[in-house]
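Novice: Using numbering that gives the first Met the number 0, you'd call the opening residue of the sequence shown number 0 and step up by one each time.
Calculated from the structure, these hints are not laboratory results.
Watch out, some of these pointers could steer you wrong.
Claimed, not checked - Straight-line distance between alpha carbons at most 20 Å, and here's what the computed DMTMM-like set of lysine to aspartate or glutamate pairs gives: (1) 804 / 771; (2) 764 / 774; (3) 553 / 532; (4) 811 / 510; (5) 811 / 791; (6) 603 / 773; (7) 804 / 780.
Claimed, not checked - Computed beta-carbon distance windows for the label pairs: (8) 415 / 646: 57 to 67 Å; (9) 513 / 732: 40 to 50 Å; (10) 692 / 815: 52 to 62 Å; (11) 539 / 122: 31 to 41 Å; (12) 190 / 362: 40 to 50 Å; (13) 86 / 213: 41 to 51 Å.
Nothing here was measured: the structure is a model prediction, and the numbers come from that model.
Note that the Cβ used here is the ideal one computed from N, Cα and C, for glycine as well.
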Amino acid sequence: MTGKIQGSYMEPMQERKVVDFKFSLHSLLESLRNKLESVLFRRGFVLFIFGFMLGRAFILSVLSPFSLPFFAAAYYIRKDKSPLIFFGIVAGSLTISITNALYSFMIISLFLVLNKIVKWFTRNESKILPFIVLASVLLGRIVWSYATVGDLTIYNALMATVEAGLAFVLTMIFMQSIPLLSMSKRRQALKTEELVCLIILIASMMTGAMGWAFEEVTVANILARYLVLIFAFTAGATVGSTVGVVTGLIFGLADINSFPEMSLLAFSGLLGGLLKEGKKAGTIFGLIVATLLLGLYSNQSGSIMTSLYETLLATIIFILTPRLFTSQIAKHIPGTSEHSAEQQAYVRKIRDATARRVEQFSSIFHALATSFQKQEAAERMDPDMEVDYFFANVTAKTCQTCFKKEKCWAANGYNKTYDTMKSIMYELEENNGVLSNKTVWDWERRCVRSDKVIDTIQNELHYFHADQKLQQQIKESRKLVAEQLHGVSEVMANFAKEIQKERENHEKQEDQLLDALQSFGIEVDHIEIYNLDQGNVDIDITIPYCSGMGQCEKLIAPLLSDILGEQIVVYSEECGKHKHDYCYATFRSAKRFVVETGIAYAAKNGGFVSGDSYTTIEIGAGKYALAISDGMGNGERAYLESKETLALLEQILQSGIDEEIAIKSINSILSLRTTDEVYATLDLAIVDLQDAQSKFIKVGSTPSFIKRGDRVIKIQASNLPIGIIQDFEVDVVSEQLKAGDLLIMMSDGIFEGPRHIENMDLWLKRKILELETDDPQAVADIIMEEVIRSSDGYIDDDMTVLVAKINHNNPKWKPIPAISLRKGA
């Protein structure tokens, strides 16, 4: 038993030791990596290595176009490291011969002199730098040839010109390459030009190892094959073969006997990149196959074995290369999975930061709204206290200077004096400033300054009522602001949740859809899936120029409908302008219901401007809103009032704020903006296009009717019109609509227009039941005609009828059976 306890106790201890050891090892490796980066990149030792190798690099054993361009580019970009690079180039040249070291010293010194002179005339050093290098190499090589040979031949002049031209080009290349060596932590991805320039720089540096060999096994070939393995493994066949071609070409220029190496490097980069899915083993296998296949063309068995040895050594170095190193390289090359993961991580970081900021703003708005509500509650005053303040002002102007003050406001007479003055105040309020003779006589018996007190009370009442009105307006303004802030806070909180929703990876589904569409004979360039949730599908497809044949609606949407198992429609489409252009289409889930509308309206007495306004808009989350507003009175003033009401409604609803808050906000805005008695009614219906569930909000408006077969359903509420009072509750009526229902909304001109009709409800229901058509526009026209006819042709008020029919969403094209897929397969 003791052994079991000890064993169970020791196991966690051993696991903890293993975890601590792994953590210590990881910390040690991280520390070594940071120190290595500090030495190589921050202190510029990697630039010294490149300078040393480029000081040894030659073309055809005569030309040296690499060293000065590298020094010049480094001098422009990293001037603080230029002495170290200068020492590296001279030291590398010295390993060849003293003569080469002297030439390198001379040509760099000549460049520094010319650069100093040119700086006096121009400040745009980046554009003039390649020309300074060209002049330095050309002048330096000519002077050097004349000094060493004693004569300047055409051949020497030609070679000097070639070397200067190469130096000119290499300067521009190295100016893009050196920043990649001088930064240890690069965030941006490599551009194609930067990648090629970097390869040229590395390959040029490797030519400095041309003379290093051990029993015919050359170090330069080993490094070149290792470089191809690295890029083929990290970036694929395209970059791998590019590295092979560029490296082989530079090796061929350095040594004519190295031209066959270009074929081997290019082929191994291609095979290794194609086999990179097999990890390092697949890339190595590609290099070995390329070595054997191209070695068969050589008649010497020794050369095959030498090439295999070089391949074997490059393979060993490649196997020993840490995964961390190759991953870091892959992160900077577009098209790799590591680069995609890095970009997704960056986008995720930005998304989370944005969501946090939005949530912070939401919290701020919520706190502000709460603060306004607390302020309103804190300043809410007791009515009795307000009356006390009122009489304090009155007595300060009258009783304070009266000689009978002590008698009237003594302990035994205080309550009677106060109650009498209060009754005078209430009577003045109720009788519009007129007091009865009895009240005046009773007060004259008690007060020696009765007339002055009554006049003061009457005057103070004006200020008292004005102050109360002002306080009420302030309260309503605060309430409006609080409700708006609460609405904005809720919208921003929902927006933050939407931002934080992780975009799913639909690569497999995208490939399946692409195969299905192409197998049907539809040419598709690209598919981007954003959402595959039932009822919320969102897909973007790019197709070649279609000549306006409408294949998105006729072919692609029906195919997607069958594949995904739900009705898909073309949400938006942008056709190409010419045959080399592309067409872009967005496909989304079709809503289960659609709304077809009809409208009929008439102005009072046949005028041109109606005080009624209407709107039909599709708001977010698959909802459809219909609204009628009737401004007070008729004519342009009523039209502007109703139009502004609907404009505010549209903007607030489309922002995502709840319908009830929207109505209250509009009411507060319209009631606070003016002191005139201007108001408007609002009849709002919101239909959910997924399930046909509907909300009706009626603010001072007439009833609406739903015709369902041989039944007529009345919808009504009892809210006052917008703008009459500041504080009111919104009454929401819900009703489940069905396909085939007719929703009939109308202004009060329709409902109250017919003359000599006692029960308007029964009359309208009978007229609606007698309808022989279900076309919304025809229904609106018929009702309008019946109302005008029943009024003997008179139009006593503005009239508006808005009719909506709820239908199932029946697409024009049936789903086309696809060959291979169903959603979720």
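Novice: Find the hints from earlier in the document that the structure breaks and name them by number, from lowest to highest.
Specialist: When the structure is compared with the hints, numbers 3, 4, 5, 6, 10, 11, 13 turn out to be violated.
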